[in-house]
Each structure stands twice: as structure tokens, then as C-alpha cells.
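Chemist: As a plain string of letters, each chain reads:
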Amino acid sequence: IAGVLTWATLLKVSHGHCLLCFSCLVTLVFVSPLPQFIYIIPKPSSFRLRSLTSNHISNLSMDLRLPSKVLEHILSFVDSNEDRNSVSLVCKSWFETERRTRKRVFVRNCYAVTPEAVARRFPETRSLTLKGKPHFADYNLVPDGWGGYAWPWIEAMAAKCPSLEELRLKRMVVTDECLEKIAASFKDFKVLVLTSCEGFSTDGLAAIAVACRNLRELELRECIVEDIGGDWLSYFPETLTSLVSLDFSCLDSEVKLSDLERLLSRSPNLKSLKLNRAVSLDALGSLLRLAPQLVELGTGSFSDKLDQEAVAKLSQAFSELKELKSLSGLWDVLPEYIPLLYSVCPGLTSLNLSYATVQMSDLVELITGCSNLQKLWVMDLIEDKGLEVVASSCKELRELRVFPSGAEGLNDTNVAMTEQGLVSVSEGCPNLESVLYFCVQFTNAAMVTIARNRPNLTCFRLCVMEPFAPDHKTQQPLDEGFKAIVERCKDLQRLSVSGLLTDKAFEYIGTHGKKLRMLSIAFAGDSDLMLHHLLSGCESLNKLEIRDCPFGDTALLENAAKLETMRSLWMSSCCVSFGACKLLSPKMPKLNVEVIDEHPLETRPDSSPVERIYIYRTLAGPRLDMPEFVWTIQKNPEIGVSHLAIK
Amino acid sequence: MENVGVCDEFVNLKATELRLGLPGTEDGGEEERQKVSCCKSNKRAFPETEKDIESTGKTETASPPKAQIVGWPPVRSYRKNNIQTKKNESEGQGMYVKVSMDGAPYLRKIDLTVYKQYPELMKSLENMFKFSVGEYCEREGYKGSEFVPTYEDKDGDWMLVGDVPWEMFVSSCKRLRIMKGSEAKGLGCGV
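Chains as they are written, first to last, in the UniProt record's numbering: chain Y, 1 to 647; chain P, 1 to 191.
Since the hints were made in silico from the structure, they are not lab data.
Which residues of chain P face chain Y? A few of them, derived with a C-beta cut under 10 Å, are:
1) Gly71
2) Ser77
3) Arg79
4) Asn81
Simulated restraints, written as ranges between beta carbons of each label pair:
5) Y:Ser93 to P:Val70: 50 to 56 Å
6) Y:Glu365 to P:Tyr96: 20 to 26 Å
7) Y:Gln359 to P:Asp157: 29 to 35 Å
8) Y:Asp625 to P:Val70: 22 to 28 Å
9) Y:Ala620 to P:Met95: 55 to 61 Å
Every residue, glycine too, gets a C-beta built ideally from N, C-alpha and C.
Between the sequences and the hints, there should be enough to build the whole structure, so can you do that?
Modeler: Here it is as C-alpha cells:
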């Protein structure tokens, strides 16, 4: 035992001493009040509290009645919800103490549990994070009206958790009523972050602005907002001085410059400001002068014609931004204004040029100056040559995303982005761990090289835009390339595949992708084997989303048990039959099996293929807000017998 | 118990089944494959057209454009909408036309207003696509190269680049196509 305690925090409490260790060997040490015994519980095999179970404690035959005040105190040091989940499993009193002290709750599928259950269990929660629609909703694969409504959650939290301060929602339907309810119910509301949400208007924003006296963060990331215009920004009271982050980049209409200027003047703590396109370049100058302390800046439109004096002033304003680490926006940026940014480049760790339609030649000098860049988002206009510059200049790069400039598809591509660019970056940037890469062609050899260079990859999302595109040099499927990736990159957690792929590719992924948590597949594979390899091989698989692949019932039914260990499975335009869905449902009561079919056949024979199937594990049972086009066995068990017999 | 995987009437259609490999490639897992009978290929956006595309991945610009697939490439609607608007705006500023070349798997866009006369344009195209265009003469078109630059005009006709005065060309050109080989010969002589 001597030498085991490498690091400890000594907490003095009234009854005795508690030592809470997060060292490599000891999990928990505590001292009982009387007599003075020290119990050292050796950590079974991992660092985490999760391995502490009631068995461990009873094996040591101690008095389990650790005063709850003491446990509360210990738990105030425990942030990780994974650890807290383990603590709550030890015994009933630990469950009670933990639930009353949990401050942050993450519900990664809003239908996995009911809002009432969460609100009841964690009454003291300060922060709630929710995700609604499945990921493929981003690409219009989920019909409107499917679900993901924020209202029931806001209602439940308003009733039971009035101390809620932070709400972060992703892919959910948020109405103006929701925003008004938030404004009215949570007296100390501080943080609202909405990502890819829809359903609200600028009126709802005004409600938040006027009522939340201590608002710190208001961020609208890529939301679809009904822009009724108006002066929602002017509703922030003059007494509001607590603003730290403001992001309205997705709004269309203009905000009054004077309102914005006044807001900035009274927000000394403002660190992050992301303007919308309507804010002109001219206005940007005066705004930057009011907020030189900014760490994150999203500019508005970067294309007005400015006179020399205005340009000089703007250049000066940029050079005053001594703390700036992140730059985005830059819509419509004209090449002649890019030099304005040179002064901030050396300090940048994050640069988002993905809306800047600038050609490669205009980007080179900008990129060369960004020697500390860790995150780069850019369009394929950068071309392979531009990525070579990135490889030689941005040695700290961790994340690279290359988006297509022709968003409509292959016919629209303006640029030949090939495997060369990514290979260069994989060679030049030793810390590269996350890649999203849209291109027109790729080769197995390139993927082998990339895997060899960067075994530290944790996220690899490759999108060769032509479906079924083979290795463009050898005409072979891209199986061997992806094999190299999953074999070498042992910590790979997220993978998206594309191009021509046979079942073999998925055999490799199943064999080697042991840490893989999220996998996205489109237009690939030959048969049910593909799904079988994945479901039986990928131990850590949490989210699987598949579209347009030719497998179906067999693999799904054979691996049904696996589905309960995953958060969700999405399959669209595959060959899953209605009959299989009906079979799956009663087999697995802890899953919701949703068939999402906008054009079902009248009689729905068992052999008919379904358009989409979304399967997710849940404690909440079937949801009550399903639209017409969603079928579950609980909703319509009679379907398939006779359409006339229903209703 | 219901046998969901097999449906007898489809077994004999194996010979005509759609495969997603290239013609001639071996499929290693053949013997283990279980055909899922309910699979209706018409649900997918890529029926036989995929098999017609040559292994070079070439897109024939003269043939009908590929069917738009929902949600592909996987780009968020928000991003698509923003790029759209930009395109429309930029269209107003210059005279952007698409340029394609037979055999190249990608398109380019150029701004015609940047050039003052045909030779400049030709040089730029030659650099862009790495080819050379041969000599132009009024009567016989382009000689000395298998590449012929053509354009589609306002009326939808395909014309040889260089036949009309420059200003007329700039105002009527909708897009450019660098033809290759035999197709090009027809245009070279007849105009």
C-alpha cells in the first residue's frame, strides 16, 4: 500500500478525513468516523470509479453508512457522468445522494427516456443537453414532422427543475412557445445553445433577450429560423452586462448596428461573437473596436467596397485583436481583403474558411501565416496544392475538414480534389486526428499511406462524391484502403466510408474496428454479410447509419441482441422487409423499432421493403408523438392483415 | 415460423440480379450470400446507369445529367443553401461558364470577362486541362490536335470556339466543352 497513493486530495470534514484519489492505482480511500480505520479499496482494472460496486464494499466488511454529507462532498469532485452512473449503482443511498447532486445531464437521444423521469431523478440539475433527430436528418433523409420536439422537455424541467441554467439542444424542433417558456420559467437562465434546430422565429429570441437577466451565452448554430426581422437584439436590457458569447450567424435579416454597438459596449466579458452575413465589412470595423478582447470572431459579409481609409481602420482593428484564437464567417470574401487577416493568423488555433469562395492562390499566404492552427475547415477550392501548403505550415493541425464547393453533387464540382491533398497533410501534420474529406477520387494506396503516417487518427470520414467509385488507378474496390485505416488506427472512433466497397471491406472493419463507436455507410457492400460483420465484430459500436445498401432481414434478425447495446441504428433505402420489422419488435422490448414510410403499400405485405427504419434503445417505451408515416408495432399491430380492418 | 429471407420465385432470377461490383470482378463471398428476395432495386437511385459508366469514371457531358439523389453528397442543407446564394450572386458579377473536357472527371468554371480575346482564353484552357488545341483556321477549324474547343450558345447549338467575333461569343456562350476525337471532327468541318 505504501507508494500506491501517488496523488490525493485531503478533505477535512467534521467526522473524519476523506481521501479521494484519482491516481492510477487507488480508487477510493475513506476514513470512518469511529473507530479510525482507513479503508483502501484497490482499483480493479481501470482508473475509473465505475468499477466500484457494492460487492467490493461488502467484501471489505465495513460499515457502509458513509454519512451522506461526506459522500456529497466527495461527489462534488466527480464531474464525469460515467463515474456518477457507477456511483449510483453501488447501493440505494448512494443512488439517492448522487441523483440529488448531479448538475449536468446529457440525454443523447431524447426518446431514450421520458422528460418526466429525468426531471424527477435530477431535480438539482443546472445543465441539460439533448439530441433529437437522427444524424441523417442533416441530409434531408428524415421527413418533416418525424419528431424531436423540445416542448415536453422544457415543460418537465420548468415544473421540477427551476434551477436550470443551461440548455443545449441539437436537431430538435424548438418553437417560440418553447423559448417563451424558458424565459418565463428559469429565473437564472444563462446558456442557450441551439444546433441544427428549427421551428422558432426571431420573436422567440426577443423573448429570451428581454427576460434572461443573467444571460451568458446565446448561440444559434446553423439553425433554420423564421426571420421576421425586427429588433430582437434591441430587447436585451441595458442592465445586461453578462454576455460572454453571442452567435446569430444563421439569421438572414439585418440587426440594427446601433443596438449591436451598445450591446458590445456594455459586455466587457464578451469572448465570442459570430455575426450574420448582413453585417457589412464597414460595420465590422466599429464592432471590433468595441470588443478587442474577443477570442472567437465570426465575421459578416466580407465583400463591400471600402475606401482606403476604411481599409486602414479595419486593418488596425484586426491587429488590436490580441486574444483572437478562432476566426470564421468570411462570407463572399474578396481576395483583396484577405491581407487584412494576416495580423491575426499567428495566434489562430481555429480557422473556418468553409464559406469563403476563394481560390487557392489567394489562400496560400494566409495559410502560411497560421503556424499554430489546430483546426481548419475549408472548401475544396483549396485544391491539393493548397493542402500541401497546409502540410508544411500548420504543424499543429489536429482537425481538417474539406467541404465541396459544388453542393449540388458531382455535376457541380468545380475542382478536382484528389487523394493527394490528404496524403500531404497526413505526412506533414503529426497531430492530425480528425478528418472530413470530400473529393472526386481516391486510391487504396493513398489510404494505406495515410494510415501508416497517422495511426493516431480518431475520426476518418471520407466522402468520394461519386457513389461506387473504385480506386481510380487500379479500378479495384476501396476495401484494402479502409482495411489499412481500421487496422492501423487502433483508436479510431468514428468512420464514414464511400466509394466502391464489397463485403470484404466490412469484414475488415468488423475484425479491426474494436473502438469504433460511430459508422456511416452509403452505397456499399454486396449482401447481408456486410451488416453481419459489423454487428458481430464492432464491439464498441454505438451508432450505425446506413443508406442504399443491398442487405436486409437476415443479418438484422440474427444480430438483434446487439441492437440493445447500441444507441441507435438507421437504415434507409436498403432491403429490409416489413415482415422483419414486425418480427424484430416483440423480440426486443427495450428497443423502439420505427418504420418511417411516406409511401407505404396499402396492404403492407410482409415482403414489402420499408423506406427507412430507425431502431433505438429506450427506457421510455413507444413514444406518443409519432406522425402518420411512422409505424411501430405498438401503434398499429394489425397492419398487414387488412387495411380495411384498421379504423 | 415465417421464412422471411427466401422467396422461391426470385431464385431463378439470380442470373439477372444487379450486382454492385464492376463487370468481371470476382465476388469472394458468393457462396455464403443469401439473396434477400424482397429487395426492390427500383427503390435505389442507381439502377442500371451505374454499370454503363466506364471504369475511368468519365461523365459524358452530352448525355443527360445524373439523377439527383436525395441527401447526396452528404452536405447539410444549411451549407447547401448558403453556397447556392453565393453562386447566384457571383453569377451577376462576371460571366462564369462551366468548362468540361471529355475524359476529365471534373468540371471547371471560368469567368469569360477576364479574357480579352480568343488566344488568351485558349491558353488558359490549355493550362487548366493540360492539353493543346492545334491551329485554328476559318475554313477548317482546328487542325493538329484531337482536342476541339466548342461551346453551347444561347439557342442551344454547339459551335466551334472562334467562329464568331469575340464580343458575340462572350455574350452568347452558355458553356464550354472540349471535345475529343471523332465527335470533334464533325464540328470542325461543317461550320
